[in-house]
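Engineer: Listed below are the residues making up each chain.
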Amino acid sequence: MKRSFTLLVFFSVLFALMGVMTDKVHNLRTKYLAASISQIGRIPSSVLVATSLEYKGVVADMMFLNASNFIGRNLMERRSPQPEEWQTFYLMLDRMSALDGRFLDTYVFAEMMLAWQARMYDEANSLLAKARRYRPDDWRMPYYIGFNHFYFQKQYALGADYVMQAANISGSPSYLPNLAARLAFYGSRSKTALLFIKELIAQNKQIELNPELEKRLAAFEAAASIEDAAVGFINRFDRRPVNISELVKTGFLSAVPLDPYGGEWRLYIDGHVDSTSNFVEREK
Amino acid sequence: MRAVFSVALLSFKEGLRQRVLYGVVLAALLMMSGAVLVSGFFLRDISKVILDFSLATVTLGGLTIPLFLAIHMLARDIERRTVFSLLSRPISRGQYLFGKFNGLLLLTGLVMLFLSIGVYLSLECGEFLFGERFFVTVSWNSIFAALFLSFLSVMILNALAVFWSTLTTSSFLATLLTVFSYVIGHFVDDVVRFLQVNTTGVEISSSIKQVVEIAKYSFPNLAAFDVKSVAAHGMVIPLADVVFLTFYAGIYCSLLLTLATIFFRRRDLA
Chain A
1 MKRSFTLLVF FSVLFALMGV MTDKVHNLRT KYLAASISQI GRIPSSVLVA
51 TSLEYKGVVA DMMFLNASNF IGRNLMERRS PQPEEWQTFY LMLDRMSALD
101 GRFLDTYVFA EMMLAWQARM YDEANSLLAK ARRYRPDDWR MPYYIGFNHF
151 YFQKQYALGA DYVMQAANIS GSPSYLPNLA ARLAFYGSRS KTALLFIKEL
201 IAQNKQIELN PELEKRLAAF EAAASIEDAA VGFINRFDRR PVNISELVKT
251 GFLSAVPLDP YGGEWRLYID GHVDSTSNFV EREK
Chain B
1 MRAVFSVALL SFKEGLRQRV LYGVVLAALL MMSGAVLVSG FFLRDISKVI
51 LDFSLATVTL GGLTIPLFLA IHMLARDIER RTVFSLLSRP ISRGQYLFGK
101 FNGLLLLTGL VMLFLSIGVY LSLECGEFLF GERFFVTVSW NSIFAALFLS
151 FLSVMILNAL AVFWSTLTTS SFLATLLTVF SYVIGHFVDD VVRFLQVNTT
201 GVEISSSIKQ VVEIAKYSFP NLAAFDVKSV AAHGMVIPLA DVVFLTFYAG
251 IYCSLLLTLA TIFFRRRDLA
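As given, the protein sequences belong to chains A and B, one line each in that order. For what it's worth, this note's numbering labels the leading residue of the first sequence as 1, then goes sequentially. For what it's worth, this note's numbering labels the leading residue of the second sequence as 1, then goes sequentially.
Hints in this document: simulated from the structure, not taken from any laboratory. Please note that a few of the clues may not be correct.
[Unchecked claim] Label pairs and their computed distance ranges (CB to CB):
no., chain 1, residue 1, chain 2, residue 2, range
1, A, 65, B, 254, 41 to 47 Å
2, B, 132, A, 80, 34 to 40 Å
3, B, 170, A, 82, 33 to 39 Å
4, B, 30, A, 26, 20 to 26 Å
5, A, 14, B, 85, 46 to 52 Å
6, B, 217, A, 24, 53 to 59 Å
7, A, 266, B, 121, 56 to 62 Å
8, B, 121, A, 17, 47 to 53 Å
9, B, 5, A, 7, 31 to 37 Å
10, A, 65, B, 180, 26 to 32 Å
[Stated by the list, open to error] Computed far set for chain A versus chain B, every beta-carbon distance over 12 Å:
no., residue
11, 50
12, 216
13, 238
14, 256
15, 257
[What the hints assert, rightly or not] So, partial list: chain B residues that the calculated Cβ filter (under 8 Å) puts toward chain A:
no., residue
16, 17
17, 18
18, 42
19, 49
20, 52
21, 56
22, 186
23, 190
24, 192
25, 232
26, 252
The beta-carbon is built from N, C-alpha and C at its ideal position, and this holds for glycine as well.
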């Protein structure tokens with residue numbers, strides 16, 4: 001009885017010690033964990049594929065977790081990755097696509113991060129072009145490429161062509177053919193961006209991963225509402241509005257919407273709207 | 001046939017007595033539960049991630065039999081001389097080996113069946129936690145096909161374990177050779193494909209090509225049995241492919257067991 005009691009006390013002491021140490025060990029490791037990314041992407045694809053044996057899917061999943069952790073840490077620490085880190089990130093996504101070509105998260109991540117954050121449009125497009133080989137039935141891949149050409153690279157005709165290709169894939173949203181036509185004809189940007197971001201948010205269950213996207217959505221919603229009001233104004237008065245205030249005065253806009261980035265709206269002669277903030281956070 | 005059945009049943013019961021097996025099943029089920037939780041960190045392909053992990057776990061669970069249990073059981077029969085009590089009955093050495101192999105096969109089937117139930121449960125849990133829309137691509141036909149092909153690849157490894165155990169006197173060496181066979185089996189097809197691509201400026205010596213050619217015909221193409229990714233994405237696995245691979249596995253195992261019988265007949269067990 002006495003021995004059992006001694007053992008129980010001994011166990012309780014050890015258990016309490018372990019409880020205290022667990023947090024200490026966690027903290028100890030934190031200082032070694034800079035927001036770094038695995039260098040596994042530097043291994044040639046063929047070697048990585050062969051050495052993953054029959055666990056290619058699992059290896060791709062683990063690599064995704066590492067890449068996701070890298071992005072999450074940078075967001076937490078409000079730090080922008082360096083160009084060489086983005087290059088490693090791209091290589092990692094490329095190897096993930098070699099291990100599991102149909103893995104959708106790789107391509108959604110490529111679009112979200114490489115195109116929107118790193119501004120590595122060619123790299124994002126090359127991954128998305130790869131995705132088209134493995135996911136020929138997925139309209140989102142040509143759609144993303146089209147958007148990158150249109151919005152980031154200002155290649156309007158090419159962008160419209162890709163969106164049209166996306167529209168031809170069964171299961172694509174009904175608004176795509178109209179959008180493609182509009183892209184080709186008007187080159188209007190805010191509405192396209194709005195639709196695109198909405199699609200991205202719909203695809204991304206973990207939208208809290210990137211609150212920046214939510215802010216952009218609000219900005220494009222505001223810009224698109226001004227553009228729509230301008231179209232309504234032109235249809236009724238058969239002339240262009242002088243400025244945004246005129247849209248408010250004539251009731252096409254209830255009030256001038258707020259730019260979440262703190263800029264002033266500008267209405268151009270072609271009906272296109274942008275902001276002096278360029279939708280970029282001002283340095284504090 | 002009766003003799004083979006008796007040895008198979010005996011080996012199966014002996015295998016069930018190995019407590020390590022229950023540990024493996026428990027660890028595998030825990031790993032699958034972990035996979036369900038981890039899948040929440042992914043953006044879209046949640047069912048794919050759960051299936052990647054759980055199908056890999058079924059294979060890993062099955063692999064414990066040829067890589068650890070099979071050789072241990074065969075070596076122990078010889079070391080403890082229980083093989084004599086069996087061979088003193090009207091059971092030939094070939095029947096003994098074939099019976100052992102079938103016992104191991106039953107054991108593998110049982111373990112993988114248990115773990116396959118785990119696959120079902122983890123998918124159900126995932127669907128409950130994250131919603132139906134992430135599980136629309138799940139195809140049970142493909143999952144069954146992937147699990148069956150995975151079982152066949154472990155069956156081939158069981159035959160390899162039996163083969164290497166009859167060829168060597170050391171159980172450590174037999175384990176090592178079985179592990180190597182497993183790795184080469186998954187490697188060789190990719191190496192063959194790599195050599196088939198003519199890259200300008202890269203010269204590959206004819207001796208390397210010959211070695212690869214020999215390995216291609218000597219080792220099983222285990223990579224062909226790996227359709228886990230296909231199943232994880234809910235793509236179709238044609239029945240004709242499954243039937244063809246079943247024949248291939250059957251022929252390869254028969255060949256190995258025949259060779260093993262030839263070696264085992266010549267072996268001095270005393």
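Engineer: None of the hints should be skipped; say for each whether it holds.
Structural biologist: Now for the hints, and whether the structure bears them out:
1. For the hinted restraint 41 to 47 Å between residue 65/A and residue 254/B, the CB-CB distance of approximately 43 Å keeps it satisfied.
2. Restraint check, residue 132/B to residue 80/A: a C-beta distance of roughly 38 Å satisfies the suggested window 34 to 40 Å.
3. Look at residue 170/B against residue 82/A: about 53 Å separates their beta carbons, and that is not inside 33 to 39 Å.
4. Remark: the range hint 20 to 26 Å for residue 30/B to residue 26/A is upheld by a beta-carbon distance near 22 Å.
5. About 48 Å separates the C-beta atoms of residue 14/A and residue 85/B, a value consistent with the hinted range of 46 to 52 Å.
6. Range check, residue 217/B to residue 24/A: Cβ separation about 57 Å, and the 53 to 59 Å hint holds.
7. Between residue 266/A and residue 121/B the beta carbon distance is about 57 Å. The supplied range of 56 to 62 Å therefore holds.
8. With their beta carbons about 36 Å apart, residue 121/B and residue 17/A fall outside the hinted range of 47 to 53 Å.
9. Between residue 5/B and residue 7/A, the C-beta spacing of about 50 Å breaks the proposed range 31 to 37 Å.
10. Roughly 30 Å separates the CB atoms of residue 65/A and residue 180/B, a value that falls within the hinted 26 to 32 Å.
11. Residue placement check: residue 50/A does not keep its beta carbon more than 12 Å from all beta carbons of chain B (closest about 5 Å).
12. With a cut of 12 Å on Cβ distances, residue 216/A stays outside the contact zone with chain B, its closest approach being about 18 Å.
13. Remark: the non-interface label on residue 238/A is consistent with the geometry, its nearest Cβ contact in chain B lying 46 Å away (cut-off 12 Å).
14. The beta carbon of residue 256/A sits about 36 Å from the closest Cβ of chain B, which is more than 12 Å, so the claim that it is off the interface holds.
15. The claim that residue 257/A is not at the interface with chain B holds, since no C-beta of that chain comes within 12 Å of its own (minimum 30 Å).
16. Interface restraint check for residue 17/B: the shortest CB-CB distance to chain A comes to about 29 Å, outside 8 Å, so the restraint is violated.
17. For residue 18/B, the suggested interface contact is broken, since its CB lies about 24 Å from the closest CB of chain A, more than 8 Å.
18. About 5 Å separates the beta-carbon of residue 42/B from the nearest beta-carbon of chain A, less than 8 Å, and the hint is met.
19. About 5 Å separates the beta-carbon of residue 49/B from the nearest beta-carbon of chain A, less than 8 Å, and the hint is met.
20. Residue-level restraint check for residue 52/B holds (minimum Cβ-Cβ distance to chain A is 4 Å; threshold 8 Å).
21. Nearest Cβ of chain A to the Cβ of residue 56/B: about 5 Å, under the 8 Å cut. The hint holds.
22. With a cut of 8 Å, the hint placing residue 186/B at the interface with chain A holds, because the nearest CB-to-CB distance is about 4 Å.
23. Satisfaction of the interface hint for residue 190/B is found here, the shortest Cβ-Cβ separation to chain A being roughly 5 Å, below the 8 Å cut-off.
24. At its closest, the beta carbon of residue 192/B sits 11 Å from a beta carbon of chain A; the interface hint therefore is violated under the 8 Å criterion.
25. The beta carbon of residue 232/B comes within 6 Å of a beta carbon in chain A, closer than 8 Å, and the hint placing it at the interface holds.
26. Of the supplied interface hints, the one on residue 252/B is violated, with its beta-carbon coming no nearer than about 17 Å to a beta-carbon of chain A, more than 8 Å.
Hint check: violations occur at hints 3, 8, 9, 11, 16, 17, 24, 26; the rest are consistent with the structure.
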